[in-house]
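Engineer: Sequence:
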Amino acid sequence: MARGAERESERRRCGSVVAYFTSAKFLLYLGHALSTWGDRMWHFAVSVFLVELYGNSLLLTAVYGLVVAGSVLLLGALIGDWVDKNSRLKVAQTSLVVQNTSVILCGIILMIIFLFKTQLLTLYRGWLLTMCYILVITIANIANLASTATAITIQRDWIVVVAGEDRSKLADMNATIRRIDQLTNILAPMAVGQIMTFGSPMIGCGFISGWNLVSMCVEYLLLWKVYQKTPTLALKSAKVEESELKQLNVKKESEMKPAEGVQLIVEKDVTSFEPQEEKEVGCAARIAEPFITFRDGWVAYYNQPVFLAGMGLAFLYMTVLGFDCITTGYAYTQGLSGSVLSLLMGASAVTGIMGTVAFTWLRRKCGLVRTGLISGVAQFACLVLCVISVFMPGSPMDLTVSPFADISARLFETEPLPTIASPEVNPEMVLATGMLNLLNGSAPPAISDPEMSPEPVPLLSVSLLFAGVIAARVGLWSFDLTVTQLLQENVVESERGIINGVQNSMNYLLDLLHFIMVILAPNPEAFGLLVLISVSFVAMGHIMYFRFAQKSLGKQLFICCTPDPKAVSDSSPPGNTSTV
Numbered sequence: 045m046a047r048g049a050e051r052e053s054e055r056r057r058c059g060s061v062v063a064y065f066t067s068a069k070f071l072l073y074l075g076h077a078l079s080t081w082g083d084r085m086w087h088f089a090v091s092v093f094l095v096e097l098y099g100n101s102l103l104l105t106a107v108y109g110l111v112v113a114g115s116v117l118l119l120g121a122l123i124g125d126w127v128d129k130n131s132r133l134k135v136a137q138t139s140l141v142v143q144n145t146s147v148i149l150c151g152i153i154l155m156i157i158f159l160f161k162t163q164l165l166t167l168y169r170g171w172l173l174t175m176c177y178i179l180v181i182t183i184a185n186i187a188n189l190a191s192t193a194t195a196i197t198i199q200r201d202w203i204v205v206v207a208g209e210d211r212s213k214l215a216d217m218n219a220t221i222r223r224i225d226q227l228t229n230i231l232a233p234m235a236v237g238q239i240m241t242f243g244s245p246m247i248g249c250g251f252i253s254g255w256n257l258v259s260m261c262v263e264y265l266l267l268w269k270v271y272q273k274t275p276t277l278a279l280k281s282a283k284v285e286e287s288e289l290k291q292l293n294v295k296k297e298s299e300m301k302p303a304e305g306v307q308l309i310v311e312k313d314v315t316s317f318e319p320q321e322e323k324e325v326g327c328a329a330r331i332a333e334p335f336i337t338f339r340d341g342w343v344a345y346y347n348q349p350v351f352l353a354g355m356g357l358a359f360l361y362m363t364v365l366g367f368d369c370i371t372t373g374y375a376y377t378q379g380l381s382g383s384v385l386s387l388l389m390g391a392s393a394v395t396g397i398m399g400t401v402a403f404t405w406l407r408r409k410c411g412l413v414r415t416g417l418i419s420g421v422a423q424f425a426c427l428v429l430c431v432i433s434v435f436m437p438g439s440p441m442d443l444t445v446s447p448f449a450d451i452s453a454r455l456f457e458t459e460p461l462p463t464i465a466s467p468e469v470n471p472e473m474v475l476a477t478g479m480l481n482l483l484n485g486s487a488p489p490a491i492s493d494p495e496m497s498p499e500p501v502p503l504l505s506v507s508l509l510f511a512g513v514i515a516a517r518v519g520l521w522s523f524d525l526t527v528t529q530l531l532q533e534n535v536v537e538s539e540r541g542i543i544n545g546v547q548n549s550m551n552y553l554l555d556l557l558h559f560i561m562v563i564l565a566p567n568p569e570a571f572g573l574l575v576l577i578s579v580s581f582v583a584m585g586h587i588m589y590f591r592f593a594q595k596s597l598g599k600q601l602f603i604c605c606t607p608d609p610k611a612v613s614d615s616s617p618p619g620n621t622s623t624v
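Everything in the sequence shown is counted per my numbering, starting at 45 for the first residue and increasing by one.
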């Protein structure tokens, strides 16, 4: 009897394990991991490729970043509207194929440029090479727009349907998705970086193209499996309402005519009515349609009950306190080595994962809205260390040095760039030189006398800065997950795409503003001022969220909830999905 019970328990365990690895939830995780891994490799590599191609200049990289940010800013609402108006499977598969095909094409073009760069320079006075650069940036931008559509449909829509009505399951799935993002954000660049270091940029292009080709096929299959295992993905609220309306019309007509005849008449009217609408739409209306969609998307976003929460999240993008090229560049000027920076990035990934764990725990204890409040307070408290670092020994901040004084001088410097073409052939190199100096900030003077070597910079200031940045990741990612789930729960199904598209546009707008801020004040002496501005924007973002929480919870705002599952339902503010 005992052996039989043990065998039965083992069978159940094996069955549960197999059921998990074949469930829609796990297949969604696997597909997201493959997609994110490819995205992170490509985003890291494309910047390196552009710098390598343009003679160690940041000009092409800056242009690429500006085009990507501007495209999502302008087209975010249109992408979201396209997601809403089409079936889930069509949107996911189309965006997947477009994204990966674009990356594969970019990789092939970059390989051709690396192989025949010298020959391309001599053809049509270098204009053919310039057209190749434009083509690469354009196709890479298309890949990013398709990636945005994929993120909206999978992370904002599919995951909600797979989780069903279980909000705790939705929170756990959101946290797992973020953990995958954190891990791939560190591991994928490391992997492709090793390939490019021990191989060559051309080998890196070939590897990324091959990876995306294989990944596209696997992800396509995984999407189809998830779609099959979740029948509700085939339904959308707009289509359901439309079918219900047709059924009501049929019932009304059936009181007067036989059922079969009525069905034929209704189908005839419906099929003959839709082409007439298309004929009535003129050329001017078609031209105006994208602008109307853009306007309606922003108006709908403003009217959402979670508008302030979304704006609060967007304001967190207006910051230099992250592990991007700006902060790492500043760290280099303060004497930190590449190995130390890699360790700090690993520590930030660990604290980010801790933030996802804290989110699930806090949500169970205090509810979703209060989790955002606690996360915001934790993040801001950690960023106080960054403010203190500005005034500590070793900080280069000097308010007597105007951050805007030498911008015009840099723009018109005429020293030659180490580009692949000579300045005599390209007279516009003067502008490129100025832009490079503007993006790179002040270059340290060459030291010829060893007695004049600079004194070591005290590390107290930069240590406090990165301690605050790393610790704040716990609150940052917990807050990000809070706002993400608020948008998932409180936006009606028929508007999820366009609202999240506008949210992405807002995020890119504030991110673009922070790059403009750095361009206007590129000196290390002005970085302390940028830190203070960044912390101010973070504070404004959390104030917006506090106002949202105050409207949502009222007098119960500061009453901590018990672990009772019923107490977790405070995530729906007044006017949630049923009243939006």
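Simulated from the structure, these hints should not be mistaken for laboratory data.
Just so it is clear, the structure is predicted and the values come from calculations on it, not from any experiment.
Glycine included, each C-beta is placed from N, C-alpha and C at the ideal position.
Do not rely on the hints blindly, as some may be mistaken.
[What the hints assert, rightly or not] DSSO-like mimics (lysine-lysine), calculated; alpha carbons at most 30 Å apart, straight line:
1) K269 / K280
2) K273 / K134
3) K269 / K409
4) K134 / K280
5) K69 / K134
6) K213 / K129
7) K273 / K69
8) K269 / K213
9) K595 / K213
10) K409 / K213
11) K213 / K280
12) K280 / K161
13) K69 / K129
14) K280 / K129
15) K69 / K269
16) K280 / K69
[As the list claims (entries may be wrong)] Listed next, with one range per pair, are the computed distances between beta-carbon atoms:
17) G237 / V107: 14 to 24 Å
18) K269 / W342: 31 to 41 Å
19) S381 / I178: 50 to 60 Å
20) A583 / T372: 17 to 27 Å
21) Q238 / F70: 24 to 34 Å
22) M436 / V141: 43 to 53 Å
23) P275 / F242: 42 to 52 Å
24) K409 / T66: 16 to 26 Å
25) S580 / E54: 54 to 64 Å
26) T241 / S131: 41 to 51 Å
27) K409 / L503: 34 to 44 Å
Engineer: State for each hint whether it applies.
Structural biologist: Evaluated hints:
The straight-line distance between the Cα atoms of K269 and K280 is roughly 19 Å, inside the 30 Å bound, and the hint therefore holds. With a CA separation close to 16 Å, the supplied pair K273 and K134 stays within the 30 Å bound. For the given pair, K269 sits about 35 Å from K409 by alpha-carbon distance, which is inconsistent with the 30 Å threshold. Restraint check: the Cα-Cα separation between K134 and K280 comes to about 13 Å, which is no more than 30 Å; the hinted pair holds.
Distance restraint check for K69 and K134: the Cα-Cα separation of roughly 20 Å lies within the 30 Å cut-off, and the hinted pair is therefore satisfied. Distance hint between K213 and K129 is fulfilled; the C-alpha atoms sit about 27 Å from each other, no more than 30 Å. Straight-line distance between C-alpha atoms of K273 and K69 comes to about 10 Å, which keeps the hinted pair within the 30 Å bound. A distance of roughly 20 Å separates the Cα atoms of K269 and K213; the hinted pair therefore holds under the 30 Å criterion.
The suggested pairing of K595 with K213 holds, with an alpha-carbon distance near 26 Å, which does not exceed 30 Å. Proximity of K409 to K213 is assessed by CA-CA distance (about 15 Å); at most 30 Å being required, the pair is judged to hold. Only pairs whose Cα atoms come within 30 Å are accepted, and K213 paired with K280 is accepted, the gap being roughly 21 Å. Annotation: proposed proximity of K280 to K161 is violated, straight-line Cα distance about 50 Å (limit 30 Å).
For a cut-off of 30 Å, the pair hint linking K69 to K129 stands: about 25 Å separates their Cα positions. With a C-alpha separation of about 9 Å, the suggested pairing of K280 with K129 holds against the 30 Å cut-off. A distance of roughly 11 Å separates the Cα atoms of K69 and K269; the hinted pair therefore holds under the 30 Å criterion. Under the criterion of a C-alpha separation no larger than 30 Å, the hint pairing K280 with K69 is consistent with the structure, at around 20 Å.
Checked against the given bound of 14 to 24 Å, the beta carbons of G237 and V107, roughly 23 Å apart, stay inside it. For the hinted restraint 31 to 41 Å between K269 and W342, the CB-CB distance of approximately 36 Å keeps it satisfied. Between S381 and I178 the Cβ separation comes to about 37 Å, which falls outside the hinted range of 50 to 60 Å. With their beta carbons about 24 Å apart, A583 and T372 fall inside the hinted range of 17 to 27 Å.
Range check, Q238 to F70: about 29 Å between beta-carbon atoms, so the 24 to 34 Å window is met. The supplied range of 43 to 53 Å is met by M436 and V141, whose beta-carbon atoms lie about 52 Å from each other. Judged by the Cβ atoms, the range 42 to 52 Å given for P275 and F242 holds: they are separated by roughly 48 Å. Between K409 and T66 the beta carbons are some 33 Å apart, a value that contradicts the proposed interval 16 to 26 Å.
One distance hint, 54 to 64 Å for the beta-carbon pair S580 and E54, holds here, with the actual separation near 59 Å. A hinted range of 41 to 51 Å holds for the C-beta pair T241 and S131, which are about 44 Å apart. Checking the proposed 34 to 44 Å range against K409 and L503 shows it holds: the Cβ atoms sit about 38 Å from each other.
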